[in-house]
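Number of protein chains: 2
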Amino acid sequence: MVNIAGREAYSYPLLIGQLLASVKQYRTTEIVSAGRRFSYVALRERIHRLASLLRSLGVQAGDTVAVMDWDSHRYLECYFAIPMMGAVLQTVNVRLSRDVIGFTLRQAGAKLLLCHAEFEPVVEDLRDALPDLEHVVRLIDGDEPGTYEALLAAALPEFPFSDFDENAIATTFHTTGTTGDPKQVFFTHRQIVLHTLAASATLANQPDGQGLRRSDVYMPMTPLFHVHAWGLPYIATMLGLKQVYPGRYDPGTLLALKKQEGVTFSHGVPTLLRMVLDAASESLAPWTMLVGGSALSPDLAREAARKGIVTVCGYGMSETGPILSIGRSGPEDTIDSKCRAGFPIPLVHMRTEPDGRGELQVRAPWVTQGYAAQDASDALWEDGWLHTQDIAEIDPDGGVRIVDRIKDVIKTGGEWVSSIEIEALLMSHPAVSEAAVIAIPSKKWGERPKAFVVGSPGTAAPPPQELRAFLAQFATGGHISPYAVPDEIVFRDSLPRTSVGKIDKRLLRQNAESEPNAVLSTRIATQGDIHGP
Amino acid sequence: MVNIAGREAYSYPLLIGQLLASVKQYRTTEIVSAGRRFSYVALRERIHRLASLLRSLGVQAGDTVAVMDWDSHRYLECYFAIPMMGAVLQTVNVRLSRDVIGFTLRQAGAKLLLCHAEFEPVVEDLRDALPDLEHVVRLIDGDEPGTYEALLAAALPEFPFSDFDENAIATTFHTTGTTGDPKQVFFTHRQIVLHTLAASATLANQPDGQGLRRSDVYMPMTPLFHVHAWGLPYIATMLGLKQVYPGRYDPGTLLALKKQEGVTFSHGVPTLLRMVLDAASESLAPWTMLVGGSALSPDLAREAARKGIVTVCGYGMSETGPILSIGRSGPEDTIDSKCRAGFPIPLVHMRTEPDGRGELQVRAPWVTQGYAAQDASDALWEDGWLHTQDIAEIDPDGGVRIVDRIKDVIKTGGEWVSSIEIEALLMSHPAVSEAAVIAIPSKKWGERPKAFVVGSPGTAAPPPQELRAFLAQFATGGHISPYAVPDEIVFRDSLPRTSVGKIDKRLLRQNAESEPNAVLSTRIATQGDIHGP
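Order-wise, the sequence lines are chains A and B. For the first sequence, counting from 1, position 26 maps to 26 in the UniProt record's numbering; every step adds exactly one. For the second sequence, counting from 1, position 198 maps to 198 in the UniProt record's numbering; every step adds exactly one.
Each pair may be met inside one copy or between any two copies, as identical chains are not told apart.
With a Cα cut of at most 20 Å, we get these calculated SDA-like pairs of lysine to any residue: (1) Lys24 / Gly330; (2) Lys24 / Arg357; (3) Lys24 / Arg328; (4) Lys24 / Glu393; (5) Lys24 / Gly356; (6) Lys502 / Ser456.
Hint data in this document are derived by calculation from the structure and do not stem from the laboratory. All values derive from a computational prediction rather than experimental measurement.
Same shape as in the complex, but just chain A (with noise of 0.2 Å):
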């Protein structure tokens, strides 16, 4: 805590209660959410009472605040309030199983909760299990008493928050990888801060209608559990934007907001960006959405182009916090190059090793500095540089392309093939929406590539004999090797999700794993005209 009095220079710390220092400018910018819209001097005044409310609950700072919510208002107060008073947010992935969460609450410490009323079934269950947990702040859209706005309401105006060292944890959340247990990551004040504002110089200075200006209406479309929602609702208030905040997913309801608010930002994984352009019926222009989180396929990109929906694709991960480097094109550009994870932003240090082409290794002053579990962080970091586990190409102008997570490379007969290229092949048949491959072992090749594919709606399935023909066209043509065309192509009705929105190969190779005869007896029949010399 800093207190000078006197003739003395005042320390300035990075702390997130910084970012509002000239908010007052944007008095007649609105929030909307939850059917109520206020401005951002109210804003400002619901941040102060809602840290009014958390201490007279006994919230000190250090103690763990965690937060299960939809996207609301509500959430961007706590975004605020609880890191400003010096306590921990928590930011709690409600799509987890129940057990799951209450893993996730009990390692972070929770001391209070402000839980949306239909997660309390969950937190009812879990109560037991959670010895830290003191209180349960009811979150409704409504303002009935004893729940958060009545609560908010009655708590008073103005909240005396003061400083305090700028490497002090301000949020913390579980990574939501498609392996192992969830980890536990944490970002400092400073960290958050310096992401605020090499992220926003970055998307402003973009080019025209694929970044952020200061008319933009901003609407998130990943979870604001998640990654502090890449971090834009931060970025969006110190901008002084209009802020839309959807509630849970709904296409129907995504797309009424979009309207009626005139939504012209968004941020969200491939997955959400099909649930949208499916519900669409008309042209949704202008709309900017920046895609992380997945590769972007050329043909979603053409798909949501055609809708009026720019694509910008970026590229991060939980842990680092996340944004590392965003896309931008000029008319030269093909949508294969529009699709590739953009360009270091400021300050952000990226290397391949080997070089060129190998494990994209990053340093960003807001990247996690470790996980709880000290044996994690140790994989994490080597050398003083962050491990990304995402094998990439960085091309001479800087421009990254991810090949693929380490993980799911297929090592074939001696060669090393992209699974997310042959998906991005197989999207761009006609008959195909999405696409999953994953590496089943064998014994003669190593591994083999195996696919799963959701056909296009309206569209007959074609034999899985034609897809093949299909991707062998491009093993000829050079574009892959023949060893990436996978022996088996397998059609669902739709491909397993993690709770962020992620296909699940994990998932994938499990169920693959459990039924070892059938696969393998498939592979052999179809694998020698693929193979041959």
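For this one, chain A is given, so just place chain B on it according to the hints.
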């Protein structure tokens, strides 16, 4: 120095070198200067070569390296290479007198000086009085043996830059205030990086035509020796803009470069803007000019607009690193509101004492922590706020209007009159192009305003009585106090300027004091008709 080995997280210091982390992507963007043009890839290499050269001349971390040059690529390279070595860059105001230059070099303890051939006679004169100075490197536009370009070409193209404490001093220079001796200020790496990020986010996010976009071409018109040219060379480099360095400011050269290189963004004091407007015979659009240092009068802004220049006001001072606020305007804004000092940029706290209208006091993570002289620092900082010595009004929307410098305010007849306000009204008269109003001591009224004006080119100077009558209308209309109408209005061919182009009111006051009788007699003769009840 951080030297992490093994499995430990990288502790990322905010160093000026980190601003170059992502510039590899700008490999086709050019730096244009002194007849040369080269890419950002070459810029990076030249920075390494310069550091190698300086190391070979004995420069170590902690040493001070001074620069005396006009605006050039060399200066830009010094902005990076010197602080990146852990050395301190001293930017020397070459417009000061020989003795004052000697004072600043001596106080900073410069060990090596990079000196343009034009200033060698000055340095030759001073050499005996500079015991710390060991080397002088000659700067010329050509590449003769033994001069900058030749030495760079012979130096090693890779320098082993390493990390160090972000609170290390990066730059130092002397404020050229209109009172007292030059005062030495310091800026750390952390301060410069944070200024770069926050100002970049703001400028990039301005309304169209009022800020910086990736496609903009940047040319400074605030000298690089003055407060890091307001930080713009760092900003332009981090954002990857084409940059044009014009050497010594000559209107013909500036306009020729503007046209040839497609310059679209510059910054400077009102005097520079006037100089360019006077020299221009055709429209200069598109050209955005960030104007600061002194108040921009509505008439100069209008004249600029007629010639195609969009003026954007900014506010800051040498002590503040400098940018604190930047203006923006919509179609509904009047020219008057456009001439405000703008809105605080992210992370900047502003208050006035008393609240609403009073001395402007600020906090930002990049303002200087003090002067070399402790006494002066004590006056700068009080209660943890930096005292700007400017009187300001802060609007409910956070917009800032600078009323006057505290020492320029005129206390007359119990009222406080803003010299800036009277000057703007005088300049709105068609026969007046420039104006300066100072306070003259008065036994009866405490002080009285006195005006010095420069006539418009090609317009006959009206009798002073006509200008007084012109101002009196505004007093009658209630726009200004009757006390604000100067007793004396004197035509001059030009007004004295400080070394950075501001009107030198201190000199005007000194001269007025040296002729007290004449002034008093005129004042007494003209006072009655204005100050009647």
